[in-house]
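With the hints as a guide, dock the two chains, each given alone in a separate frame, to form the complex.
Heads up: the protein sequence lines correspond to chains S and D, in order. What the first sequence shows, in the UniProt record's numbering, is residues 1 to 331, in sequence order. What the second sequence shows, in the UniProt record's numbering, is residues 1 to 763, in sequence order.
What the hints contain is simulated information worked out from the structure, not anything from laboratory work. Quantities reported herein were computed from a predicted structural model and do not represent experimental measurements.
Derived pair list, reagent style DMTMM-like, types lysine to aspartate or glutamate, alpha-carbon separation capped at 25 angstroms: (1) S:Lys26 <-> S:Asp10; (2) S:Lys26 <-> S:Asp46; (3) D:Lys749 <-> S:Glu311; (4) D:Lys749 <-> D:Glu376; (5) S:Lys26 <-> D:Glu113; (6) D:Lys749 <-> S:Glu307; (7) D:Lys533 <-> D:Glu562.
Covered stretches of chain S (chain D as the covering partner; in silico rule of three or more C-beta atoms under 8 angstroms from a C-beta of chain D): (8) 117-126; (9) 135-144; (10) 229-238; (11) 310-321.
We put the CB at the ideal spot given by N, CA and C, even for glycine.
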Amino acid sequence: MRTFAYLSADDVATAVQAISTEPGAKFLGGGTNLVDLMREGVEHPDTVIDITRLPLTGVEELPDGGVRIGALVRNSDLAGDRLIRGRYPMLSQALLTGASAQLRNMATVGGNVLQRTRCAYFYDGTAACNKREPGAGCDAIGGFNRNHAILGTSEDCIATHPSDMCVALAALDAVVEVESVRGKRRIPLVDFHLLPGGTPQVETALEADELITAVELPPSPLAATSRYRKVRDRASYAFALVSVAAALEVADGTVTGVRLALGGVAAKPWRAYEAERVLLGAPATEESFRLAAEAELAPAVGRSQNEFKIELAKRAVVATLRQLLTEGGAA
Amino acid sequence: MTSVGTPVPRVDGLLKATGTARYTADIPFEDLTHAVLLQATIARGRIASIDASAAEAAPGVLLVLTHLNAPRLPRMRAFAKGGSAQQTVPALQDDRVRFAGETVAFVVAESQEQARYAAMLISVEYDEEPPAVGLHGDAYPPAKVNGQPPDYRRGDAERALADAAVTVERTYRTPVHHHNPIEPPVTIASWDDDGGLTVHEAAQGGVHMMRLGFAEALGIPRRKAGSIRVVSKFLGGGFGGKGFMWPRNILPAVAARLLGRPVKLELTRAQMYTSGGYRSETVQRLRLGADRDGRLGSIVHESTSTGSDMGEFPEPCAQITQMLYACPNVTGTHRLVRQNVGVPTFTRAPGEGPGSFALESALDELAGELSLDPLELRLRNYAETDPEHDRPWSSKGLRECYSEGAERFGWSARNPEPGSMRDGRWLVGYGMATAAYSSHTWPTFARVRIRADGTAVVRCATTDIGTGTYTVMAQVAADALGVRPGDVTFEAGDTRYPFAFPPVSSSGARSIGPAVRAAALAVRTRVARLAVKDRESPLFGADAATVRAIGGGRLARADDPERYDTFVDVLERAGLGHVEERKGYGVMPFLHSTASGIAPWPVGPLLRVATRPFAGRYSTYDFGAQFVEVRVDPDLGVVRVSRVVGVYDIGRVLNPRTARNQAVGGITWGIGMALMERTTTHPRLGKYTSPNLSGYLLPTNADVPDIDVHFLDRPDPLVNPLGVKGVGELPVVGVAAAIANAVHHATGKRVRSLPIGPAELLG
Chain S
1 MRTFAYLSAD DVATAVQAIS TEPGAKFLGG GTNLVDLMRE GVEHPDTVID ITRLPLTGVE
61 ELPDGGVRIG ALVRNSDLAG DRLIRGRYPM LSQALLTGAS AQLRNMATVG GNVLQRTRCA
121 YFYDGTAACN KREPGAGCDA IGGFNRNHAI LGTSEDCIAT HPSDMCVALA ALDAVVEVES
181 VRGKRRIPLV DFHLLPGGTP QVETALEADE LITAVELPPS PLAATSRYRK VRDRASYAFA
241 LVSVAAALEV ADGTVTGVRL ALGGVAAKPW RAYEAERVLL GAPATEESFR LAAEAELAPA
301 VGRSQNEFKI ELAKRAVVAT LRQLLTEGGA A
Chain D
1 MTSVGTPVPR VDGLLKATGT ARYTADIPFE DLTHAVLLQA TIARGRIASI DASAAEAAPG
61 VLLVLTHLNA PRLPRMRAFA KGGSAQQTVP ALQDDRVRFA GETVAFVVAE SQEQARYAAM
121 LISVEYDEEP PAVGLHGDAY PPAKVNGQPP DYRRGDAERA LADAAVTVER TYRTPVHHHN
181 PIEPPVTIAS WDDDGGLTVH EAAQGGVHMM RLGFAEALGI PRRKAGSIRV VSKFLGGGFG
241 GKGFMWPRNI LPAVAARLLG RPVKLELTRA QMYTSGGYRS ETVQRLRLGA DRDGRLGSIV
301 HESTSTGSDM GEFPEPCAQI TQMLYACPNV TGTHRLVRQN VGVPTFTRAP GEGPGSFALE
361 SALDELAGEL SLDPLELRLR NYAETDPEHD RPWSSKGLRE CYSEGAERFG WSARNPEPGS
421 MRDGRWLVGY GMATAAYSSH TWPTFARVRI RADGTAVVRC ATTDIGTGTY TVMAQVAADA
481 LGVRPGDVTF EAGDTRYPFA FPPVSSSGAR SIGPAVRAAA LAVRTRVARL AVKDRESPLF
541 GADAATVRAI GGGRLARADD PERYDTFVDV LERAGLGHVE ERKGYGVMPF LHSTASGIAP
601 WPVGPLLRVA TRPFAGRYST YDFGAQFVEV RVDPDLGVVR VSRVVGVYDI GRVLNPRTAR
661 NQAVGGITWG IGMALMERTT THPRLGKYTS PNLSGYLLPT NADVPDIDVH FLDRPDPLVN
721 PLGVKGVGEL PVVGVAAAIA NAVHHATGKR VRSLPIGPAE LLG
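Extracted from the complex, chain D is given alone in its bound form (with noise of 0.2 angstroms):
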């Protein structure tokens, strides 16, 4: 009896369902000390004067920092250079003020109260200068791209279009986007007394990487960063927005240590929008180059993004075009235009989210311009091998998504004419959008201890960002020790166990996934052998390698599993405590990986090295399909979307459960970013306009319909041992645009800007 593809229920369900998992701002500290940040009001200019008196004498005041007086700090490096940061501009070390909600100034009091109040009082004057806003400047080219170059080319795809029989030719827009994650992000940070610092954070950023930060920023060589304990044991979301070093995750151990006392910031909701980067709005042009049989000869893929002088995340909208159809000719560029509104950074889907809208999207109305469907037009520029890096998929189950997918919806009822279809008056609408994502694997390493009562501790310094790592890794450490799921404990989010990546681009259970099952049967294999040299094992010589684990705890003789040993016996015998293995996982000879390119110190030259000769065997990505029911109000303009089926090949499915636990947040994040998800910027002044959950909409449970989701589960076996590949981020991808077509296909109106709502559809 295996647990893995089993749906068990969340270990730590019963404690979130009930309050009681502590949190990162729950964990009581004593002599602990409060902080809150002053931001700035203005996008761009100086700051003229600041006056801190009134605050510093303010009830519990007991620091307050700002450029006159705070602790000159590095500037960060980049994590497209090998860093941690994205903003790489450390905070309070200049007069300059570069977007609204950069913080001017730190106060930290007895209580939150007292800080907050005396941030009132901190009076700040400043030279305003006229902000850039919006993406109309010069465009510039970035650095990189996700480790890539900005620009792509694939043969000649300009000359193609011009000898294309059909060509599209659309610009698509998406806005500013928000993780909003329900935790704020929150930290804690406390010195003792030989110089060592504890950081609790709400942190995704993996606890190693952040600890190679604090050191950066604190200036503790490397060589001491183990001086520095990063915990993070839950965490309410993080969606990209606490994966990284920002000046709020720096300036309360600054501030820690000229107090001497423990200090803990927690952002307000407003404050979430400036603190941790956000999605960068696109403008993207696409063109589209066919033949009247429908197959695509040339796309050219032209993405802006914002830019900013304080650090640089171009969003990678056209890297999905590189590698999704087979088309000859191909171009992608990306660009960026500098703002005053700080740094963007990863947001759920990162590139493959917006990009796939202006891609599919585009595709869609290719289709209608050849009066083909959508879902053959893109069965006929079906990639059997990776177009990008010409070689094979280590797996790809797309057609199988498609066909099943139709199937379940209901494709084939489909009227090819937009308008066509009713419910009484509503319009209904019916669309589809293929979904790919390049999710990684990173190195991770864990530690699987069997004690003498039979029971097993996993530990990783990987977190769990919600998504189900504390059960999964449970049930994977179980099959591979021949115990009960219940009988392993996963324990993650801590500096002292072995290194982890960030669980970023949907690689925790790929990454973690093999390390956690090597390290358990490394483990169950010395309990073998201490077996197998015992004269009172049944096991006694046996060939340790040929030992199975038949479950309960128990190891067997392959030859006779009535003859069989327990991990109790063998350990007590042994007179044992317990014993323990720790395996590493992650470099990936055999498979291409952009990851390189962007790893951090010390995983990024340690991959760029591993992969250097092996790199061209295979390409893995995930794949899906989306298919999404709309109606349409037509007096009003208002959209719902009804239905939506998604099938994806995401290797094995570790826990079914889970799996569509993120599939279905997936999708929902599509409807949102569809339908109603925006950032707004005050064109003149650069300042979010209303940067709050009343401003900034998500779906609610009336806005998501139910949602079908299928996986096909089938096993990579040339990813990893397990056959999984990652599922985090692949179900977002594609449905505003499966959602955009289907309101096409309702309404007759193509719009190319999200989100869709009355004021595009009236009229």
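Just chain S, same shape as in the assembly (with noise of 0.2 angstroms):
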């Protein structure tokens, strides 16, 4: 059989001493994306650090009005999280569609910003992928690649970041916080996932000894009037054709505050400043969120069959803003 050592750890500076030592080693947290690759034989650790008893699980306001969100937190406690729920409703809702409620019970929002593409050809090991298998080609490319990115891609992988938690802190300004033995680093959520280039394998700014230790959102007064909207192949429990998370403040007629990303689009949650930009000044009406959806938009690559998401995701835009324009925030 193929083995594998565990260990558990109880409290952070274990955790990350015992990686440091292992090389091949994977912290296992909610477990509902590295067991799977585990068992499709795509991760295959050495060891398996069970961190789910370190004393990451609690979800505070911090005094400049932010929240730090521990990298334990499972998906559904802070889903319902009062703070969240009231300062940062897009964060909330991204949540809630995302996955199960059985998954969003067990996965960690450490393990959620980790987790790695769904695209077919990466879970199916007889199948060419860079990203599993550096030089091997890509499928995708070619192949069945609806669901694929359209944004940042690069002709060795055109997978997605499959996250909506994600796309929601993009466009919160997170920051996530990690720990290794060397100390503490903080890096920008939009900083956090990589574009593919020409190593679609190295998907995070995280070292290998690196562990998620918190989430920190600053605080945002904008961010209470803000949408998350999912457009999925079915109602519920299915990956992000398009998904944008929104926040918008209007004074006069003019835009003044605005917060857009996008899911589903590239391989990290894609943060759409060029649409920002356009926003910010401009009348708060269709033709400038259009407009402000077409400049972002201007670089998409569409494939063989996902051609259809560019357009998608410019209307996915307009239609969260004007949502936000005529009926604020959701509840």
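Right, dumping it as structure tokens:
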């Protein structure tokens, strides 16, 4: 049998010490992705370090009005948290559109950030995948790529990042706190995930020996009026074709504040800086929304089956902003 | 007080809800060994080399079969030719790879984990060849389509098209579908010391048919097939995917014989996509010709589906077109294109499912051309008699299904202009379609035993595939005996019980029910005969034929219900532990049935002989009308089904609870077919892309609205003494078309390729 060692850590220092001496080790949180990947033979860690007993399960208000979320907070708990629902409704909504209730009860915040693409060719050990086996090629290009990326792709990889939560985190300027035996550091969420380029196997800025300990959300009055909208092939329990996390502030008919991020379109949660730039100071009209969406999606590239996602993404941006304008944020 | 027609809860409901029902995989076995399949990772080519030495040396491994060492196995007789197999080519017989997922090694170990690990150690080198993928190659006619010739012609459809005032010519496409039952297929094979074989199967295919299949595969003469026992007590869904003998059914028995130990094979979800058939993709060209009043003068329905070197199953799409509407000129053709994807098979509502999508979409398009209400168009072409065979229907309540459905749905509120109805931003669309299905009656036998305590046991070798047979047949027997359904136990799923055909093609209730009823009446009459000869009985001297059951296990004189005897007393005085009778039913001399063409030995020849002199008196079909409301997000092209009304003529309803369950399930299948279900294939590699429930989307609860199901509940006395037709497949038929028609009504966009999603509706 394919064996692996199992360790369990009771505190962060033990956990990061363990991984520093076990180069082939992986941290195990909720296991909703890692265990799948191990069963499919995509991941094969020599050691699994169970971190579910680490004291990283709090959701705390910060003095500046922001919120600090422990890395082991379960997705369902975070979605239902009063602070999150009140101050960052888009994040609560994003979490609730992800996976199923059973998976959300298991999945952790840190694990959600680190979840890997659901590209079918990444999972299929007999298919060519540069992410799984650098240099092997990419069967998704020219294959079944309806759900694949349209922004920031390369000729080596067109996979998407599957997380809903991270799309909201990207819009909210979240910061990921990581720790290793070398100390702590803070990585903005928008810089955490990497585009594939020529190295699609390198997916994040996280070093192999680093543990995500928390995600911090800066205060954002804007975020109280925010929404997450997900377009998918069925009403529940499916990955996004396209999703939008948006917050909008309008004064005298002019956009005075906006946050916008897209999911399902790239190897990372896609913060729509270009669209935000177009919108800020522009009249809060459908025309502006469309111009902003066009600007953001201008560099998009469709493949054999996912061309439709470019127009879909634009429309999802417009529809979400329009809804924020006319109906406000979600309750 | 009769039980039939009342919503008796499932007798196995508590077992299933509490997880105590013992499914095949749950059966404990001493000395059990575990097998796994290793499957080809290319779609076409040759195995250049296969090295199993590391696997054979791995811990716990007992046996590794490859084409190099596997026993020689015969080609199986095709189901279409009276056999039990769809894939006739046995596994592990040569170095050829004919589709991705074909079994290339069979590994048996002490534990499933050990077997899985050993399978990973087998190294296979392939010489790849480019596979045939998609319906692009040369088309050829299949030998038979559901027992019928591939081409059907009535009148001269081409000429009538040329003469028609209005024509519609369109091509429709449906993708590959998989059955995806919740329970993976499981086979446990064990040989006893006397050479007898017992196979526990998660089998929809009927234990007797499988017994013959095992005999054929294992070289056991038919006359000794009695040494094979097949058992299948509970099934976690089948839908056609557990219906036939596939290599996965045979290999455990082969390995168990070699090892002298029981072997269990349970498929993984991914292996289910390549080990039990699938519904072929289809391309269907429809041409309709009509006069200005909407009267059809011509229909041409040309269907193409997947062919294979390993067996043949043409998806019989055009057959519904041949019988559904009063049209003098009809051509239906079926063609195949060879692909390297394995053999397709029956999938719930075979033929009628994808066929009705094309036909009923085309009719909607014709209604649009004519500016005619889609329901009115169907009424103008209502077939009062079967136009295909030119004979009366045994029963047809379709007109009432239309009117009842339209009333319940509120069809008259439909504004005919596409895009005209809204609810807030959502576009609202109404669509409808006709449903029809040719459910079958198969020969079935049942044995009913009345025991000394007055309870009864009914035995029949059918399988309860999850439809409620255990419950409904207890009701049928209870009424015939005059006892409460709780006093009757229905036992099924064992070749030791009287013969039954597989419960396929919506045949369960209409085949088993009459046999159970006949046997119950016969055993009741036997008790009555004992009583009337017994001086101590209140019935002494009465005419046994006139003795009536008055409930509670009592038999009374026809002339005086106060004078009665009981089963318990009669048996006690007679000193009998039980009495029993066995009866058969199902050779349908007066009804046309296409079944004779496809039924396997020994049924097929029997049916052919039995039906020949009598064929042509009546045609029998299940009918229905489907009405659907959709909402479409105009920004994003997201479609949600918001209401469904289904009204069905299925003859008498034996149990409204289990019948409604079938209808809701069938409509849900239609929703999946319309909006999300699709198995994708890599266009160059010929491999399924995402063989799992993350890649193959089925409807969730959030996708299924409240469904209003109504049955006419009119017994069809010509079909059988119970008056019951079929319900399993009918509710699937037409739903996808009704949804596509509703989407067109909502948006003005006609989608002719399933499933319908944002990609199809944007732009």
